[in-house]
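Engineer: So the sequences go chain by chain: D and H. Mapping to this note's numbering: the first sequence position 515 is 934, numbers consecutive. Mapping to this note's numbering: the second sequence position 1 is 420, numbers consecutive.
Calculated directly from the structure, the hints in this document are not laboratory data. Check before you lean on any hint, since a few could be wrong.
Any copy, or any two copies together, can satisfy a pair, since identical chains are not distinguished.
Said to hold, decoys possible - As a list, the in silico SDA-like pairs of lysine to any residue whose alpha-carbon atoms are at most 20 Å apart:
| no. | residue 1 | residue 2 |
| --- | --- | --- |
| 1 | K1021 | E998 |
| 2 | K907 | V937 |
| 3 | K907 | P985 |
| 4 | K924 | Q904 |
| 5 | K1036 | D1024 |
| 6 | K907 | R877 |
| 7 | K924 | N1023 |
| 8 | K894 | P948 |
| 9 | K819 | T551 |
| 10 | K894 | Q922 |
Chain by chain, the residues:
2 protein chains.
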Amino acid sequence: MHILDLLIGRPLASSEERAEQIGIAKGIPIFGLDALSSAAYGPEAALTLLIPLGLAGLNYVVPIIFCIIVLLIIVFFSYRQTIEAYPGGGGSYTVARENLGTFPGLLAASALLIDYVLTAAVGISAGIGALTSAVPSLHPRTLSLCLLALLLLTLVNLRGVRETGGIFMIPTYLFLGCMLITIGIGVFKAIASGGHPAPVVAPPVPRAALEAVSIWLLLKAFSSGCTAMTGVEAVSNGVRAFRDTKAAQQTLALIIAFLVIMLGGIAFLAKEYKVTATDPNGSDYQSLLSMLLTAVTGRGTFYYIAITSILLVLIFSANTAFADFPRVCRFLAEDRFMPVSLANRGRRLVYNEGIVALSLLTAALLLVFKGVTDRLIPLYAVGAFLAFTLSQAGMVAHWKRQRGGTRSMFVNGLGAVATGITVLVVVVAKFTEGAWITVVAIPAILLFMHRVHRHYERVAVEIGSNTPLETDDLKHPLVVIPLQQWSKIATSALRTALTLSDQIKVLHVAEEGHTQEVCTRFQEYVERPTENAHLPKPELVMLQSPYRFVVGPIVDYVVRLAEENPDRRVITIVPELIENKWYNYFLHSQRATLLKTNLLMKGNDRISVLNIPCYLKGQ
Amino acid sequence: MHILDLLIGRPLASSEERAEQIGIAKGIPIFGLDALSSAAYGPEAALTLLIPLGLAGLNYVVPIIFCIIVLLIIVFFSYRQTIEAYPGGGGSYTVARENLGTFPGLLAASALLIDYVLTAAVGISAGIGALTSAVPSLHPRTLSLCLLALLLLTLVNLRGVRETGGIFMIPTYLFLGCMLITIGIGVFKAIASGGHPAPVVAPPVPRAALEAVSIWLLLKAFSSGCTAMTGVEAVSNGVRAFRDTKAAQQTLALIIAFLVIMLGGIAFLAKEYKVTATDPNGSDYQSLLSMLLTAVTGRGTFYYIAITSILLVLIFSANTAFADFPRVCRFLAEDRFMPVSLANRGRRLVYNEGIVALSLLTAALLLVFKGVTDRLIPLYAVGAFLAFTLSQAGMVAHWKRQRGGTRSMFVNGLGAVATGITVLVVVVAKFTEGAWITVVAIPAILLFMHRVHRHYERVAVEIGSNTPLETDDLKHPLVVIPLQQWSKIATSALRTALTLSDQIKVLHVAEEGHTQEVCTRFQEYVERPTENAHLPKPELVMLQSPYRFVVGPIVDYVVRLAEENPDRRVITIVPELIENKWYNYFLHSQRATLLKTNLLMKGNDRISVLNIPCYLKGQ
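This is chain D alone, in the form it adopts within the complex:
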């Protein structure tokens, strides 16, 4: 059994593709995990910025989250229309490219690529951060644990999408269940108590107010809260993986509905139970969800189950990126804006190279930021919202071109304007904290894609052909054989040469004192037999090499021969000993390899190499 079979499963044939397609129940974990898990850090990120307002900050929680929910619903309707219009999938990149042009499409694509890498990095680091908070003794190993989690995710995804859905179903639904139960109980208690519920365990006393409220502060809180929306576009990129378009739409609707309920519920409970955020750098830090759970249900078994599900969901949320990053890469590769190999599907019908690329980029990000979530979050929302905006603007153009559907055009237009404003707000509010990195990275990626595309176009022009084979001027090649000593290998090379051409040059790099011997032997061993058999007689060429180099004079001779015969191809026969043990290679001069490399480097289109292997047996 091959080691790869064990790690990532047996190869799947193209005909098995159908069976890989998924329905709603599996669609939610695969394409919704990122969006749903955002509920675990989005509201908290907003509340953290309101800490300086003290208890008064709670007055602004509901309005801020309300704004985010409104945005979310606008975006939902917008993407719902997109899925319908583009059942082939492709999301923001396809929509923007087809409707707005190549540049906006690539802009959306680069925004998405950045967003996915950050999704993977933030998901993993937040999950491991939660784990190390629960088990402080693991804290010094944060980075190693992050990289280990990344490795596991990579392997799981290389196995393919069906198994991925299966693995992630349990924690996703456990998380959803826990959250909905907690919100249900909390809301019931709050209403039953007439708006003054008694917490089971009282939350920490809020800090005293240090600042008065300001528009700037509220904008920053809103920007941080927007990280709760990342990942919403995943379904529209992956429509092809679904059973049908309807399943994709229903999945999106359910994901958004759950997210709205969770965000609304968290905001409501925080206000009613008077739970403010704690300083993430302080020693008394506790996560918002942990405080809400404690206040509503106490620290019982349910609390620990819920916390465990949050940990798992955070780590697995990175999986959304693994499902979508390779797909975006594939679309780009098919349009020749990324290396073509990203469009090759591997043995398990997934885009292996895209998965590996995401894995490497995420690893780099984790290494640079040492696995700390806090520093990654400000980079996060820009990419997602830029892609939202371009996608919806593209849909507006789509409806305009199709002449009709004023309502549809309005829905997407509203989405484009709302998310466009959000991009500006996020960039301005978060610029110094990290958004600038995204602002720098996007042009870099655009430049890269431009270069790649130009290269492919150039190569296509250069090697392209639309004319039938020309058959005139076909001439036998000149054959060159380097020969240092007589052996079975030399015999084999000569015999091959005699079947290929009637002009054979045997090159010998002269060593002092052996010239005559070589000539005599050549006469006896080569010239006489060929003459007797009335075959073309190979010609012995003695090369001088004052510097004792062997490869250089041969290459020079071959290049000169090709120059002197502009209508002929020159084939250099390079016999090569093939060892059956790798370490034995060190025992032989690497002249065959050197000769091949040098001929490639200094040669031209008419100089080719015929590599004749000679397999050693025994031992």
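Start from chain D and add chain H according to the hints.
Structural biologist: The following block gives chain H in isolation, referenced to the frame of chain D:
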């Protein structure tokens, strides 16, 4: 100008060899530095072991050094005869191999190889150790400085032997001058004062006696002192580098004479000036030569010049190893006991690979022992004395075979017995302190050489041929061309194929939905033109690949084709895009390389690859 020209000089032609050969004045630094610099640590190593005897220890210094000098003189006469009898050089290995047989020869060679690596490591680390003692702030950088010195030595030696001699002449003769002046003044003062010279600066008060003298202690002191003799065989290995045999003999005589004077002088002065060794691990440590210099001449300018010359000579003493290790490797490689490439001379007429191998082994030793001399010294003398013994025993056999020269036989026999006893003494006395490593390493090297030799013998038998070329049964090869899409590259491959064979198989790995199109195009672009030109018609072969692999099905087809046609050679044409920028390679699928590698791995002697390059222009 090529970077290598700058670093190691322009290539030298074989005809320039004569000019590289050296006389006595350059021979002493090149082949004697190791032996001469041993005076800086040999006597001190012996005295250090006498510390527990206190002032009484000085009574044994002169006898011990006397024994070493006697040994040295015996060895001198022995090697003098060897140089005469073996003007081709080769030293212990050649002598032992020719006269005693292969095994003793290889035993001597492995002993020498170990000895040279240790010479390089000890020389460098002792020199850097002295430097960091003088400039204590450099102490934390000991290892880096050692490796830097090693790198410089390597580069200097890659330039070739003439320049090497030039660079090392000044410090060597400065060192000799300083030592001879100091000894001269000291001896004069001692005699003039009637045996009680007054030191300019009094040496540290000797420790009180802690032990009574014992044979065991004296044997250990003698063993340590023997490190003063290492390097004496260098001249006999390198006779070829000399102008003539006489020059080599005279060089050896001068080296031994200087060494005898220095050893004798140091022993005499230590006794007369009552200078005992200080604890090398203690904080009041001072080197023996430093104390003698201070006692005889005081701490003036002369003192600092002398100390500097000692530092330089110690570092450069490693150079003897660089001159000789590659030569021993070359002899072994020529006899096929080492990889043949060690016998290739490089652009500067030196054995590049041997120099690099020594450099790597020395670096490994320095890294393992962290650049500390103390721990390396006990490993040191075993190899040298084992080689001495075998060489001289070989000379005895030589004279015996030649029937005559009883005197010569006696000289070499005495040498063999004396050094043989010394080997036993050193191994026993130093076994636990490190000599065991040498005892383990020698069989390991012997095993390696045995394996290498067996491999070459096997290959020689397998590929050897002494029969003229057979010319019957020559048949055109079958040609296979993988073709995924029509392009100029495909055209070029097909045109080449048409000149090579009348049986051409064009392989296409089928993708769903394109089969018909490919067939139609093939008819139009290939079959029709060849038919019109009355050329053999290439055959299109459609390969199924349910797992989307391209390379695998092609390799399988080629292997099967070769099996079905046991009397034909199968040539697979692999066209390859050659980029003019290395990074552009990532933009192309590496199928050409994969295909070549896979064909080599799974193929046989009749499956060869014709690599047709297609050079991209532009950009």
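Engineer: All the hints need checking, so say for each whether the structure fits it.
Structural biologist: Quick rundown of the hints versus the structure:
no., hint, in the structure
1, K1021 to E998, "between (28 Å within a copy, 13 Å between copies)"
2, K907 to V937, "within (16 Å within a copy, 42 Å between copies)"
3, K907 to P985, "between (33 Å within a copy, 18 Å between copies)"
4, K924 to Q904, "within (15 Å within a copy, 35 Å between copies)"
5, K1036 to D1024, "between (35 Å within a copy, 11 Å between copies)"
6, K907 to R877, "between (45 Å within a copy, 14 Å between copies)"
7, K924 to N1023, "within (19 Å within a copy, 26 Å between copies)"
8, K894 to P948, "between (26 Å within a copy, 17 Å between copies)"
9, K819 to T551, "neither (52 Å within a copy, 80 Å between copies)"
10, K894 to Q922, "both (11 Å within a copy, 17 Å between copies)"
Hint 9 alone, counting from the list given before, is not met by this structure.
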